[in-house]
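*Asks:* These are the residues of each chain, in order.
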Amino acid sequence: MTGTNQYVKDVATRGYQYGFVTDVETDVAPRGLHEETVRFISAKKKETDWMLEWRLKAYRYFVSLLKKDQLPRWANVKYPPIDFQDIIYYAAPRPRKQLSSLQEVDPEILRTYEKLGIPLEEQKRLAGVAVDAVFDSVSVATTYKEELAKRGIIFCSMSEAIQQHPDLVQRYLGSVVPYTDNFYAALNSAVFSDGSFCYVPQGVRCPYELTTYFRINTEGSGQFERTLIVAEAGSYVSYLEGCSAPMFDTNQLHAAVVELVAMENAEIKYSTIQNWYPGDEQGKGGIYNFVTKRGKCLGKNSKISWTQVETGAAITWKYPSVILQGDNSVGEFYSVALTKGYQQADTGSKMTHMGRNTRSRIIAKTISAGHGSGTYRGLVRVMPTASNARNFTQCDSLLLGDQCGAHTTPYVEVRNNTAHLEHEAFTSRVSEEQLFYCNQRGLSPEAAQALIINGFCKEVFKQLPFEFAVEATRLLEANLEGVVG
Amino acid sequence: MTLSTLVAEEQEVLEHYLRAFGALERNGAARDGSWVAALRRSAMARFSRLGFPTARRGNEEWKYTDIRPIARRPFQLPLPPGSPAVGAAELAAFALGPTGGSRLVFVDGRYQEQLSSRPSLPGVSVLSLAEALTSGADTVQEHLGRYADCDTHAFTALNTAFLHDGAFVHIPQGTTLDKPVHLLFLSTAHAQDTATHPRVLIVAGEGARATVVETYGGPSGADYFTNAVAEVVVGPGADLTYYKEQRQGERAFHVTTTQVVVGREATFSSFNLDLGGALARNNLNVAMDDERGACALRGLYLMGGAQHVDNQVIIEHARPYTTSRELYKGVLNGRSRAVFHGSIIVHKGARKVDAEQVDKNLLLSDEAEADTKPAFWIYCDDVKCRHGAACGQMDENALFYLRSRGLTEPAARRLLTRAFVSELVEGIASETLRDRVDGLVEARLSSWLGDDEAVG
Numbered sequence: 001m002t003g004t005n006q007y008v009k010d011v012a013t014r015g016y017q018y019g020f021v022t023d024v025e026t027d028v029a030p031r032g033l034h035e036e037t038v039r040f041i042s043a044k045k046k047e048t049d050w051m052l053e054w055r056l057k058a059y060r061y062f063v064s065l066l067k068k069d070q071l072p073r074w075a076n077v078k079y080p081p082i083d084f085q086d087i088i089y090y091a092a093p094r095p096r097k098q099l100s101s102l103q104e105v106d107p108e109i110l111r112t113y114e115k116l117g118i119p120l121e122e123q124k125r126l127a128g129v130a131v132d133a134v135f136d137s138v139s140v141a142t143t144y145k146e147e148l149a150k151r152g153i154i155f156c157s158m159s160e161a162i163q164q165h166p167d168l169v170q171r172y173l174g175s176v177v178p179y180t181d182n183f184y185a186a187l188n189s190a191v192f193s194d195g196s197f198c199y200v201p202q203g204v205r206c207p208y209e210l211t212t213y214f215r216i217n218t219e220g221s222g223q224f225e226r227t228l229i230v231a232e233a234g235s236y237v238s239y240l241e242g243c244s245a246p247m248f249d250t251n252q253l254h255a256a257v258v259e260l261v262a263m264e265n266a267e268i269k270y271s272t273i274q275n276w277y278p279g280d281e282q283g284k285g286g287i288y289n290f291v292t293k294r295g296k297c298l299g300k301n302s303k304i305s306w307t308q309v310e311t312g313a314a315i316t317w318k319y320p321s322v323i324l325q326g327d328n329s330v331g332e333f334y335s336v337a338l339t340k341g342y343q344q345a346d347t348g349s350k351m352t353h354m355g356r357n358t359r360s361r362i363i364a365k366t367i368s369a370g371h372g373s374g375t376y377r378g379l380v381r382v383m384p385t386a387s388n389a390r391n392f393t394q395c396d397s398l399l400l401g402d403q404c405g406a407h408t409t410p411y412v413e414v415r416n417n418t419a420h421l422e423h424e425a426f427t428s429r430v431s432e433e434q435l436f437y438c439n440q441r442g443l444s445p446e447a448a449q450a451l452i453i454n455g456f457c458k459e460v461f462k463q464l465p466f467e468f469a470v471e472a473t474r475l476l477e478a479n480l481e482g483v484v485g
Numbered sequence: 486m487t488l489s490t491l492v493a494e495e496q497e498v499l500e501h502y503l504r505a506f507g508a509l510e511r512n513g514a515a516r517d518g519s520w521v522a523a524l525r526r527s528a529m530a531r532f533s534r535l536g537f538p539t540a541r542r543g544n545e546e547w548k549y550t551d552i553r554p555i556a557r558r559p560f561q562l563p564l565p566p567g568s569p570a571v572g573a574a575e576l577a578a579f580a581l582g583p584t585g586g587s588r589l590v591f592v593d594g595r596y597q598e599q600l601s602s603r604p605s606l607p608g609v610s611v612l613s614l615a616e617a618l619t620s621g622a623d624t625v626q627e628h629l630g631r632y633a634d635c636d637t638h639a640f641t642a643l644n645t646a647f648l649h650d651g652a653f654v655h656i657p658q659g660t661t662l663d664k665p666v667h668l669l670f671l672s673t674a675h676a677q678d679t680a681t682h683p684r685v686l687i688v689a690g691e692g693a694r695a696t697v698v699e700t701y702g703g704p705s706g707a708d709y710f711t712n713a714v715a716e717v718v719v720g721p722g723a724d725l726t727y728y729k730e731q732r733q734g735e736r737a738f739h740v741t742t743t744q745v746v747v748g749r750e751a752t753f754s755s756f757n758l759d760l761g762g763a764l765a766r767n768n769l770n771v772a773m774d775d776e777r778g779a780c781a782l783r784g785l786y787l788m789g790g791a792q793h794v795d796n797q798v799i800i801e802h803a804r805p806y807t808t809s810r811e812l813y814k815g816v817l818n819g820r821s822r823a824v825f826h827g828s829i830i831v832h833k834g835a836r837k838v839d840a841e842q843v844d845k846n847l848l849l850s851d852e853a854e855a856d857t858k859p860a861f862w863i864y865c866d867d868v869k870c871r872h873g874a875a876c877g878q879m880d881e882n883a884l885f886y887l888r889s890r891g892l893t894e895p896a897a898r899r900l901l902t903r904a905f906v907s908e909l910v911e912g913i914a915s916e917t918l919r920d921r922v923d924g925l926v927e928a929r930l931s932s933w934l935g936d937d938e939a940v941g
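Going down the list, the sequences are from chains A and B.
If you use the working numbering, the first sequence corresponds to residues 1 to 485, in order.
If you use the working numbering, the second sequence corresponds to residues 486 to 941, in order.
Source of the hints: derived by calculation from the structure; they are not laboratory data.
There's no promise every hint is true.
[Unchecked claim] Distance condition first, Cα-Cα at most 27 Å in a straight line; then the derived DSS-like pairs of lysine-lysine:
1. Lys78/A - Lys833/B
2. Lys57/A - Lys44/A
3. Lys548/B - Lys68/A
4. Lys57/A - Lys67/A
5. Lys44/A - Lys145/A
6. Lys67/A - Lys548/B
7. Lys284/A - Lys869/B
8. Lys664/B - Lys350/A
9. Lys548/B - Lys78/A
10. Lys57/A - Lys68/A
11. Lys68/A - Lys78/A
12. Lys869/B - Lys458/A
[Claimed, not checked] Here are a few chain A residues that sit away from chain B, every Cβ distance over 10 Å (derived from the structure):
13. Arg73
14. Pro81
15. Pro178
16. Gly234
17. Gly401
18. Pro410
19. Arg429
20. Glu446
In this text, a Cβ means the ideal position worked out from N, Cα and C, and glycines have one as well.
Next up, chain A with everything else stripped away, as it sits in the complex (with noise of 0.2 Å):
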């Protein structure tokens, strides 16, 4: 077994590759939260006053919860309390003039998404893929943008649309994830700084899949993006989102609030590729990603899915979801999650079936390595009103090392006779029966390991768009170096 010793020191210690800063004047707001820094990000973005207002009752709330000292403390992560006040909430890129194509953005930027193997020049080539880029907070590109208007499609910063599109963004944003929802979710809706923003009119079909790449600059500021996408009756989008950090110390606190509102017939598909600096070897640094995504399938027949590879961030702390309100729609949640080094991740899926017929599915793969604490946390409710609802859930893990954790803490509410759950799940390292197996057909233990951990991931990499399906298949294997070779 000395291969798989190898490669469990070889995962333990494998470095971040994608540490680096970009040196770009920001524009910072002080330190620390106060009504005054929500009515700085709010006048910085020139925003309405229906906007600061709601802002405001957020902050309002955030400060209540946090007097009472209700924060979130259920799940399986472990960190030092958080300093509120010792945050930068508002950082943004400088803009030296109006950009109008992908030529105008600051080259520094550019170097930086080559840095990380994605230009943009590439992206744009690639088949089919609109990139709206945002860079710290503030989105500084936006292609593909015609294409789409073309066809009714608004995809744009969230600044941009509370400017534009003040009707859309005042009747659906907060309608999922109100402000009220969680301790982190109330902190985001009084300091967002950007986010994207797509609107999918009626039986419109978007032709492209549509990729932000969010990316968190200036030590010490928190990234707090907002996303919401609406789906119109009919219509379908399917939206990437990955991610990548640089290496930095101190802890960064990411809380993003992601909204999907899908109608009758709609679909939504939620990609994401999650690769955050997650801290040095020893634990030290790294980003704390506390996220709030949910969707809520309106109308009859409506689909939402979430897929998501975490391999990034010291923790995680997310639980991608969907409220089946329509009936007959469908929500999934396929995701990998990798901890290594010191990384902590709690992270799953909620599934709330109200409407009839009502169909769920939940595959969540766990890998855990090195110190690593990995833990699914998941919960599927069948209220009284879903007759017929239907859930598959499986959650498995997969231990390599004897140091690290994997846990599963799945709840199951039912109410509603008519319903059918099933819910499985193993957790085991990988056999020493099927590393035989592939060591007598001539694959070195490190292959085998390889092909073994790539299968037990393939159920959640095929529900990926291509493209990402590639790159993930790409940051495992990166990720798990050693294993490969």
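Based on the hints, put chain B in the right spot on chain A.
*Replies:* Relative to chain A, chain B alone:
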């Protein structure tokens, strides 16, 4: 009622228990050794600090079970009955039949010599705990209060504070008991709501083999609260089978905590049957404390009306090569609600642990609710753990098939429900017990689904 008056009510109940404790101490009801008195006092102190776990926020262990109905009622300790308030008919309803084994009967928590039978078994102790405490058996002092955790569990602390009677079963090294030991706890109706705190200690020595049956019974239509704690020690290579039946009235409150320690190469098998109670909560904690220990935990609950049952099963695999098998099934009718909360914890270094956990619920009515949480906490890589949960209603196709073969609808439903639970019933090794459980299940299903045997 406002929140503050409710909290005040809970505080009043806490003080009620403190007063009851003080009264007991003063009238010197206990003639046992000072170590027991010390144990009780520290448990009372602990309970008064803990209070009942009624907080709804962050109260994970009691997430789906609201015990405020217990916490807000000043249950009285029943006076020791002069003569047993239990007739032959009531006793027969719960007795095990002519097994020839030992039987200890407790009425309102007190041992009843005249209702019990204790055939002489060389070396084996089957006696009331009150007796064991006064006679000062060393084994009692060695084990009592050592496993059941008063520090964090309010109900265990409360039981320990009022620990006066119960059962002590000791099967010494190398002894095999052919006949089951039956511990029968009966509550009776009183003018006031009463609480009993029975305590059971079972010690199986090295290589011992035995079956212990614990039955909790009581009348319908009365409010009483049973707060039982059992500590079970399964010595190296021992094989202990433990059946617990809860058949109390539909207005009864029932909380039990069973703390089991499984030794090296020992086997512990349990079967937990819940039929009664308005609110029943079973905490079963099994510590796999030495290598190659094995446990098989099974549970069956049939709930109707507004009954609520909550099974919390925690298995701690502390040592390598330990295995566990867990299967719980429930049939829910009326507006009943069942909670299953299983945790399997594998400690660091506990290699080759093999654990399996399954909970399945059959919902017969559209108002019943099932909440299931099968959890794993695994800190070791070389393990095999699986869990499964399922919830659903009767298969309409199967029902149609049976109807097409000439069965009436009630008969078909009963047959399918019995098929659902048969895995558990048929797994009972002892024929006497299997027939007994089968009969109880059949009676319950007939009362729900009709007992029309005629071919339609």
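*Asks:* For Gly234/A, is the shortest CB-to-CB distance to chain B above 10 Å, so the non-interface label stands?
*Replies:* Answer for Gly234/A: holds, closest chain B Cβ roughly 33 Å.
*Asks:* Straight-line Cα separation of Lys68/A and Lys78/A no greater than 27 Å?
*Replies:* Roughly 20 Å between the alpha carbons, so the hint for Lys68/A and Lys78/A holds.
*Asks:* Given the proposed pairing of Lys548/B with Lys78/A, does the C-alpha separation stay at or below 27 Å?
*Replies:* holds, 22 Å
*Asks:* Against chain B, does Glu446/A hold up as non-interface, every C-beta pair farther apart than 10 Å?
*Replies:* holds, 17 Å
*Asks:* According to the definition I'm using, a residue is off the interface if its beta carbon is farther than 10 Å from all beta carbons of the partner; does Arg429/A meet that for chain B?
*Replies:* Arg429/A not clear of chain B: closest Cβ-Cβ about 4 Å, inside 10 Å.
*Asks:* Given the hinted pair Lys869/B and Lys458/A, is their alpha-carbon gap at most 27 Å?
*Replies:* Roughly 21 Å between the alpha carbons, so the hint for Lys869/B and Lys458/A holds.
*Asks:* Does the alpha-carbon distance linking Lys78/A and Lys833/B stay inside the 27 Å limit?
*Replies:* Cα-Cα ~18 Å, so holds.
*Asks:* Is the hinted pair Lys57/A and Lys68/A satisfied, with a Cα-Cα distance of at most 27 Å?
*Replies:* holds, 17 Å
*Asks:* With 10 Å as the threshold, tell me whether Arg73/A passes as away from chain B on beta-carbon distances.
*Replies:* Since the minimum Cβ distance to chain B is about 7 Å, Arg73/A lies within 10 Å and the statement is violated.
*Asks:* Given the hinted pair Lys57/A and Lys67/A, is their Cα-Cα distance within 27 Å?
*Replies:* holds, 15 Å
*Asks:* Just double-check Pro81/A for me: nearest Cβ-Cβ distance to chain B has to come out over 10 Å.
*Replies:* holds, 17 Å
*Asks:* Hey, Lys548/B versus Lys68/A, does the alpha-carbon distance stay inside 27 Å?
*Replies:* With Cα atoms ~21 Å apart, Lys548/B and Lys68/A stay inside 27 Å; holds.
Going through the hint list in order, the structure does not satisfy hints 7, 8, 13, 17, 18 and 19.
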